[in-house]
Every structure is written in C-alpha cells, then in structure tokens.
Amino acid sequence: MFSYIIRRGWQMIPTLLGVMLLLFALYNLVGGDPSYILAGKSLSNEMLASIRAQLGLDKSLPEQFFIFVKQVVTMDFGTSWSTQQPVSDIINNRIGPSIMLILTWQICSLFVSLIFAASVAYFNGSIYDRAVTILSTIAMSISILVYIIAGQYFLAYKMQWFPVYGWGNGFWENFLIYIPLPLLIGLAVSIAPDTRFYRTCFVEEMNSDYVRTAKAKGLSEQTIMLKHVMRNALIPIITSVMTALPYMITGSVLMERFFGIPGLGNEILKAVDSSDFPVIKAITIYLVIAVMIFNLLADLIYKLIDPRVQLH
Amino acid sequence: MKRTLYKAILFSTALASSSLLYAADMSKTLRVEFDAGATGFDPAKVSDGYSNDVNENIYDTLLTYDYLARPIKIIPNVVEDMPKISNDGKTYTFKIKPGIYFADDPAFKGKKRELVAADFVYSIKRLLDKTINSPQSYLVDGKFVGVDELVKQAGQGPLNYDTEVEGIKALDKYTLQLNLTDVNYNFATILAMPAFSAVAREVVETYAENTNAHPVGTGPYMLKEWKPGSKITLTANPGFRKEVFNFKADKSDPVSVAVAKEMKGKVIPQTGNIEISVIEEEQPKWLAFLNQQLDILLRGIPQPALKEALIINPENPLDVKLAPKYADMGIQMQRKKMLEITFYFFNMKDPVVGGYSADKIALRRAIAMAFPRQETIARIRRGQAVPVEYAIPEGVAGHNPKARDGAKFDPAKANALLDAVGYKIGADGYRTLPDGSPLSVEMGTGTAAIDREWNEYWQQAFDSLHLKLTFKTGKWSELSKANREGKLQMWSLAWAADYPDGENFMQMFYGPNGGDSNFAFFDLPAFNQYYEEALKLPNGNKRQSLYDKMDKLIAQYQPYIFSDTRVRSIVTQSYVHGFKTHPILSGWRYVELDK
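As they're listed, the protein sequences go chains P and E. Per numbering that gives the first Met the number 0: the first sequence = residues 0 to 311. Per numbering that gives the first Met the number 0: the second sequence = residues 0 to 594.
Since the hints were made in silico from the structure, they are not lab data. There is no bait here: all hints are sound.
Covered by chain P, per the in silico footprint, the following chain E stretches (three or more residues, Cβ under 8 Å):
id, region
1, 35-41
2, 133-143
3, 286-300
4, 469-478
Here are the computed lysine-lysine pairs in the DSS-like style, where the Cα-Cα straight-line distance is at most 27 Å:
id, chain 1, residue 1, chain 2, residue 2
5, P, Lys40, E, Lys129
6, P, Lys40, E, Lys348
7, E, Lys336, E, Lys407
8, P, Lys269, P, Lys58
9, P, Lys40, E, Lys72
10, E, Lys260, E, Lys241
The beta-carbon is built from N, C-alpha and C at its ideal position, and this holds for glycine as well.
Please model the entire structure based on the sequences and the hints provided.
See the structure below:
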C-alpha cells in the first residue's frame, strides 16, 4: 500500500503541471487586464504600463509561467493584486469558514440521507418509499436560491429564530449562531438528491444474488443490511462524498453571499471579477491538490471497506 | 485630611482625563453596510468610495465640508482658516493647527507624533510616486511647480521625498504652501478629498509591505479589524482632538434642524465603534436592517424592496413616503440625490458613429432621441431617478438647474432626421449609411440581469429607427480596454463626483483627456478652448456662462447620451441621532445611538 501511495504521489506532479498550464493559458486568453481596474480614473498609457510592469505582466509568457511554477513549489503566491494583502493571509482567514460550513453540511447531509436511504430501501415499494421519492423529486426541482430567500425571510426575519446575516469571531459563536440557518437550508437542498442516489445504491445491492443467497441461508434482515448490503453500497457513496469534500475549500458562493460567511467561494468570484490572478492561482492549486488527495483517500477507504479491492 | 484631598484631586483628574480620552461611548457600535469590500486604507493607493468612506474617518484632510450646509460648503479642517489664495490663483497657503496628533502606533516608538506641514508635503508627493501607481494621480499630474522634474528624475523608482520642490513645500513647521503650474481657484475642493489625507512617513516606511492594512491618521477613528471583502471595524481614537458639534442648521430642512438641535455642543465622535459589514445581496441587506442588525442603510432601500417600503405617488414618483408599517417602527427616511450622471457614449473616432459631420451628428442624435429615458426611469429605476439635463449634476458647483439639454424622446422625429440625411432603409428592413454601405452599431454591456433590462430598451430604440444593434458582453475591465483601444462603438458608464466642482465633470469632454476620463474621445476645439478658460475662473457667473456654452456643444454634437441621476432613500433606525445624509461625507462621526 505504501508503494501505491508513493506512486500516486508521483502521478500528482504531471497532473498539477497540466492544470497550471491550462490555468495560465486560460487566464492569458480570457482573464482580463487588471491594470484597467487598478488604474481607477488615472487611465493614462503611462499609468497602465507602469501597473503592468509592477504586476510583472510586461514579462514574457515563459517568464511569467516560470514565476507561477516557483510560486507553486514554494506555495507562496505573493500578494493580491486588488487589495495588496498577502494571498496566504486571505486563504488562512477564509478557509476556516468555508470548511466549517461545508464540512458540517456534508457530514449532516451524509448521515441524514443515509438513514433515509437505508430505510426507504428496506421498505422498497411501500407508501413510505413512494412518499420519500416524490418529496425528494419535488425538493430537487426547487432552486437553492428559493430555499435561501424563503429560509432567510421566514426563519430569520419573520420567526426571528436565527440572525439574518453575519459572522462572529469565535468558533462556537459561529457554529451555534451563524451556521445553523445556512446549514438547515443546505440540508434541505442536498438531502433529497443524496437520499435518492443512496437509495438506488442500496436497492441495487438488495436485489443482488448474494442477498438472495444470504436470505436463503437464513441470515437475519439486520445482518444482511448492515454486514453485506451496507458495505457494498458504501463504495459509490464514498466516491460521491470524496468527490464533494475537496470543495470545502471553495465553499458555497451563494451561501456566503447571502449569509455573510467570509469563505473562499465569494473570494474566488471576486478574484475572477477583478482579474486577481495571484488569488485565482492559489485557490485553484489548493483545490487541485485537495481533489488529488481526496481521490487517493477514497481509494484507500475502498480497500479498508472491502479487502477484495486491489490497489494497483 | 490632606491625603483624602490628594486622593480626591487624583480621582477627579483621572476622571477628567478618561473622559477626554474617550468622549465616545465605547459600549455603542454603529452598524452599517457596504455593497462591496474596501480595497484598502492607504489614501494614495485607493480610489473606491468604500475605502474613501473609511479613510475619511481615520485620516484628516486640510479642508472638509460643513455637515449641514446645503449647497455643500468647504470649511477648514486641520487648518486655522481657509487657504490664502494668491491673486494670480496659483499659490495656496495653509496654516496647520498646532497640537493635532496621530493615533498612537509602534511606528512612532512610544512618542506622541504631531501633525505638521511636512506630513502633507509627503502625502501629496506620494500620489505622484510611480512605485505606488496611485489611482488618484490624475488629480495632481502636472499640477505643481517643479514636481514633474522630480517625477522624471525618479523614473520608475520611488520619488526622492527629501528633495524640496517649489510646488509642494513646508514653509515652517505648520505652514504648507502649494504652488500650482496654472491658475486654479477651485483647487480647494480637490484638497478636501480623502486622497489628500495626511499620512506619517514613519508609518508608511514601517509598514511598507502592506500600507493598505495599517492606516494611522489623526482622525476620530482607528482601524481595529479588517477582513477584506467581509468586515471592517473602527474604534474611536482616544487621542482625537476635542471637536464639538457646532454646525448651523439649514432651516428649510427639518432633519437638519433636528440634528443641529440634538447634537449641539456634543463632543465628536459620540459612538465608540463602527462595524461595517459587506453585504452584496439585496434581500439580506434589507432584512438585516429590518431585524435591527444594521442601524443605517447607507446605500438606501434596495431596489427590489422599494415597492413594499415606500408609498410612491404615481403622478410624481419622486414624491415618496415610508410605508406606514415601517414608519410606525420609528424608521426614519432621508432622500439623497447622488452627485452623479449616468450616460451612454459614442466612440467619436469610430468611422460609423464617430466624427463631426452633419450625417454623423444626425445619427447620434437620432439614437439619443429614440431612447425612452423616462420609461427606463419609471421601470428600471422604479421612478427613483431624475433625467440628466446638464453635464454637471445638481449639488455640484457649476450646475444649471434651468438647462434642458438632454435629448427629447421622439422616435418619429429621429426617423425623419435619419431620412433627411440619407440613412435609407434597405431591403432587409435596416438602414444603411448614406453611401449605401451596411450600418450596424455594437454596444458594450455587462453580464448582470440589470444590464439585460437596459439592453431590451436599447434594442427597442434601435428597432424603432431600423438600425441594427449588437451587444459586446464583457467584464468592466475588458470593455474599458476595448473602449480605450477604440474597439467599442457605444458603452454606458456612471461618473460620480470626486469633488463637487463642475470641472470634475467637464473634464470628461476635454479633448486632451481622450481615452482617459474622456471616454468618447470627444475633441472639439471650441469646447477645449472654453474648458481651458473656465479652468482659470472661480465659480461664478463668468464660469457658468462658459459651462452653459460647453453644455450646448455637447448637446449639439451628441458624443454622449445623458441618462439619469439616481435618488436614494436612506433609512435609519429610530434610535439613530445626528445623522444627516451628506453628498460627500459619510457622517459617521456625528452619529449618536440611543439604545
């Protein structure tokens, strides 16, 4: 397994390089010219040239790419072009709220959806199963924006159960006061599709031949569900969860914008809007690394759940 | 007995000094909102309104504005009196008040640091430093005697701040003299801008790596916390000089009278902390205000909530009242006409829409006449805007309230005009150029939903003229670059007053500013001549007459289509006192909270 991890680690280098090339090319093609934003109303040719020189945009493209490589190797992306704050500070300050929201959301969603999915799969074909399926379909057809607007209006403003907006300074203050409403709305959005997906995984497994054999052998329903069905159904579920987890870094743009959560999602949007390449570069690279690490973790967990899985 | 007396004296001295330390109630926090994050707090490095609002409260400028006087009036701030302006209008001399100190900071190594004339010399020079690339440098480029040479010597490197120049100099510890290269009687209005705030050289050098995050000024507040794009917290500066509210009310305005009465004699600032939340979306902004998570809505009632929050007179949409359910909650409303004009412009260098010949003027005028300004104000602005009839908006020196130079909506006449100059309708139903070649106009546009609303009206306008219209969609920076490179034919922008003088608006049409603040590249010798003459005049009848002529030329040649000026409905909670909307100032330092 150790050699597998080392091999996957090596494979990350060309992947990272490919992403860097793609990002660099895209930025230079459609990224916009930050000098026009930074110049404000001082739009003289001299000023634009001076800003471009200061940002290093007057250097040749290979030179600029080499600087990018150096930044990735040292993980020092310099300062933001729009606020002139160190990129590392921006990420350090904003990654916490993003992770707090998305991780709590993912964990709660996973548990609630798993319970729903397992129970509806167990009662497959019953009224309960059909009711959950219909409700899930209705819930899935409503946009997240509607949930946010309605939740904020009714639960925060009308019922006064939560603050409309804001973010505090302490972990518990945020966890207990500012996270609950976005979390509730997030769950309303994600439970329905997750339940349907997990239900499919469970039902597929429950219709397998080995389940029939187990039943014929006289094993209890509980043992079949927990020992056999759950283990096999978990493989696609883990894939889905592990694919979603890296996006803890990027947060949720809409949630952040509507609830004032100072996460990275909104920061990315603003960086793209203001052609703030150092911030775009840093967040993209962190995201790519997170995706690669979580993919590797998913493979290792497969092996842990099902020893028959071979890692090559 | 002696000991008791000594203790009593000590106690009362301590009490007195603590009240001097904090006139503000440190338990009170004024909570306001921004639509977007501030870019930073180094006055030379920023130009956005959000950063300026914060800087106005951290730093001091030489001059400021009377909080209650309307039309707005410039008054001395950290200077003894208004500047002495030489007879030729080129030399401004200021006498700085002694005993004004910067907020304490480790950069001062434990010593009290007094504000002196040299601080302003340093601060103004920074605007010209190429290593700073100040977005405000256009205000000072070429304006001061001898400074251009200093800038040239520095090349792309930092300025030599120790070299004395004739244009910006300290005559003694407290006397600052500015020598302008040209006559300018209105330069005082520019000097009241936050860009001209005094910074201390030691602070800038100590925090050279990140001056935007380390503002240290002589103003009433200090930066306590800055989470870029999220939150800014200011706290009262305990070393702020003693300033007492003593503004005279504008008797025609009940809010002004009330503010003057309730604040008279009170020491500034009254509120210990200011918390600014960045709230980009309109629903949370409005609901947070209704939930009393915000004390003032600085940018007014959000557009989607206007219908619910206001009772709008259908005959006159500018006649509005707060809906009873909100008025009953004690919410107060003040109306604020922005110091701005919004407009569309043509690229005057473009072979299709540009140029100064009769057929080109006719094309531009026809397009202007086909645009339903009143309808866009009614539908898109919900009636909360006024049409622009003069290049300089109301509230800015040089505005002419009698002028009606905006294009009149009349599509029939517009079509007749195009017919008359030979823009014939072809077989495809679209007009061609007078020489028969195809005619199509491309307009720059943003990507927001509101942009699409405007585009629909423009499409209707062009359809009514049988003219082909296409849209070039892009981010602001992309469109700005395309415009500068002459690749856009039409685009829309808004210009908000940097300082309340007509020159700030008229410069947009001055030929040598082409591609810079003159987005249209409009270059008319007659206009340029009037502009140069007006620069040499103080605000008054002579300059007004020149401005009127200039405005007529803009209307005649139609490089710009004036759209509207927005009117905002600023609301405050019942417990907010001392707040009066000001066209330039934030007014936070005068606010008192009674809750």
